[in-house]
Amino acid sequence: MYLIPSMVIFSIFLFYPFFKTIYLSLYKTNKLGEAKLYVGLDNYKSLLSNPSFYNSLWVTLEFVAIVVVGSMALGLLGAVLCSKAFPGIRVFSTSYALPMAVASSSGAMIFKIILNPTIGIVNKLLHVSINWVSDPKYALICVAVLTAWLNSGINFLYFSAGLGNIDDSIYERASVDGANAVQKFFKLTLPGLSPIMFYTLVVNIIQAFQSFGQVKILTQGGPGESTNLIVYSIYRDAFFNYRFGSAAAQSVVLFLIVMALTLVMFRMEKRGVKY
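So in full-length UniProt numbering, spot 41 of the sequence shown is number 41, and the numbers just go up one at a time.
Rather than coming from a laboratory, the hints here were simulated on the basis of the structure.
One thing to keep in mind: the hints can contain errors.
Unchecked claim - Below are the DMTMM-like pairs computed for lysine to aspartate or glutamate, each with C-alpha atoms no more than 25 Å apart in a straight line: (1) K112 x D135; (2) K216 x D135; (3) K84 x E172; (4) K31 x D42; (5) K184 x D168; (6) K187 x E172; (7) K187 x D168; (8) K20 x D42; (9) K124 x D135; (10) K137 x E225.
What the hints assert, rightly or not - Label pairs and their in silico Cβ distance ranges: (11) V39 x Y16: 18 to 24 Å; (12) F86 x S49: 43 to 49 Å; (13) S106 x F86: 28 to 34 Å; (14) I121 x A65: 23 to 29 Å; (15) K137 x M268: 48 to 54 Å; (16) G164 x G40: 50 to 56 Å; (17) F15 x N180: 49 to 55 Å.
Glycine is no exception: its CB is placed at the ideal position from the N, C-alpha and C atoms.
The task is simple: from the sequences and hints, build the whole structure.
See the structure below:
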């Protein structure tokens, strides 16, 4: 009985949309998104024979790799730097955690000004005139760097909590044995953080696959299709081309990819995580 309110909310906002998406992926729809013609797996067959889909998949995998590595590295670096007490530590801790309070759309607008080819501070500091978000060589990296920074705040909190659970006495014993800072980090800190690192890795991969706002504001999937992530491709298919069936099929494929990656990581957990 206590679980009924939660189950009602989950049913309305999670289970129903999930099964409705699978249902729509088997139909051709009208411009209102209503299922009109049953086509079975034709939407999936069309998707898997479309070069644009494979480009979106590859671009998304590149994006996820950059975002996950970058955001976890930034969060871990900030947590390690703030693991010891020093004057002004609260200011630094707040600064490192601040990105989690910034909306992706707001961050993208600020980033767009920073990367502006004429008034942007990046070009002025580097003494170049690169149109960062309009150049296929740099556009994906720019969006990924922004996303990594946005995700680094919550990672900083996770890693800070993990560092707080490591017993200081093991560092003292390592110092007595003559271990230096680098050896302590790789032999003690990283193994001690392995459970929280695993959790953070899973969460960051899922979040990276769902990135949308920064792509919409910064590049709109361009130039060309260099930043056409799967989520943005779903949005464009549904709300620009009114192909809701195809968009639903892409959503199902995205779900299967994320689920497969998550299952693989949980299978690998026993080898790399030490509790």
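Going through the hints against the structure:
Straight-line distance between C-alpha atoms of K112 and D135 comes to about 13 Å, which keeps the hinted pair within the 25 Å bound. Straight-line distance between C-alpha atoms of K216 and D135 comes to about 16 Å, which keeps the hinted pair within the 25 Å bound. About 14 Å separates the Cα atoms of K84 and E172, which keeps this hinted pair within 25 Å; it holds. This hinted pair checks out: K31 and D42 have alpha carbons roughly 19 Å apart, not beyond 25 Å.
Proximity of K184 to D168 is assessed by CA-CA distance (about 11 Å); at most 25 Å being required, the pair is judged to hold. At roughly 13 Å between alpha-carbon atoms, K187 and E172 fall within 25 Å of each other, so this suggested pair holds. Proposed proximity of K187 and D168 is supported: the alpha carbons are some 14 Å apart, at most 25 Å. A C-alpha spacing of about 17 Å is found between K20 and D42, which places the hinted pair at or below 25 Å, so the restraint holds.
Of the pairs offered as hints, the one joining K124 and D135 holds, with about 18 Å between alpha carbons and a cut-off of 25 Å not exceeded. In summary, the hint linking K137 to E225 is supported, as the alpha carbons are separated by about 12 Å, within the 25 Å threshold. Our hint of 18 to 24 Å for V39 and Y16 holds, since their Cβ atoms are close to 22 Å apart. F86 and S49 have their C-beta atoms about 59 Å apart, which leaves the hinted 43 to 49 Å range violated.
For the pair S106 and F86, the supplied restraint of 28 to 34 Å holds, since their beta-carbon distance comes to about 31 Å. The hinted range of 23 to 29 Å is satisfied by I121 and A65, whose Cβ atoms lie roughly 27 Å apart. For the pair K137 and M268, the beta carbons lie near 33 Å from each other, so the given range of 48 to 54 Å is not met. Taking the beta carbon of each, G164 and G40 are about 54 Å apart, inside 50 to 56 Å as hinted.
With their beta carbons about 53 Å apart, F15 and N180 fall inside the hinted range of 49 to 55 Å.
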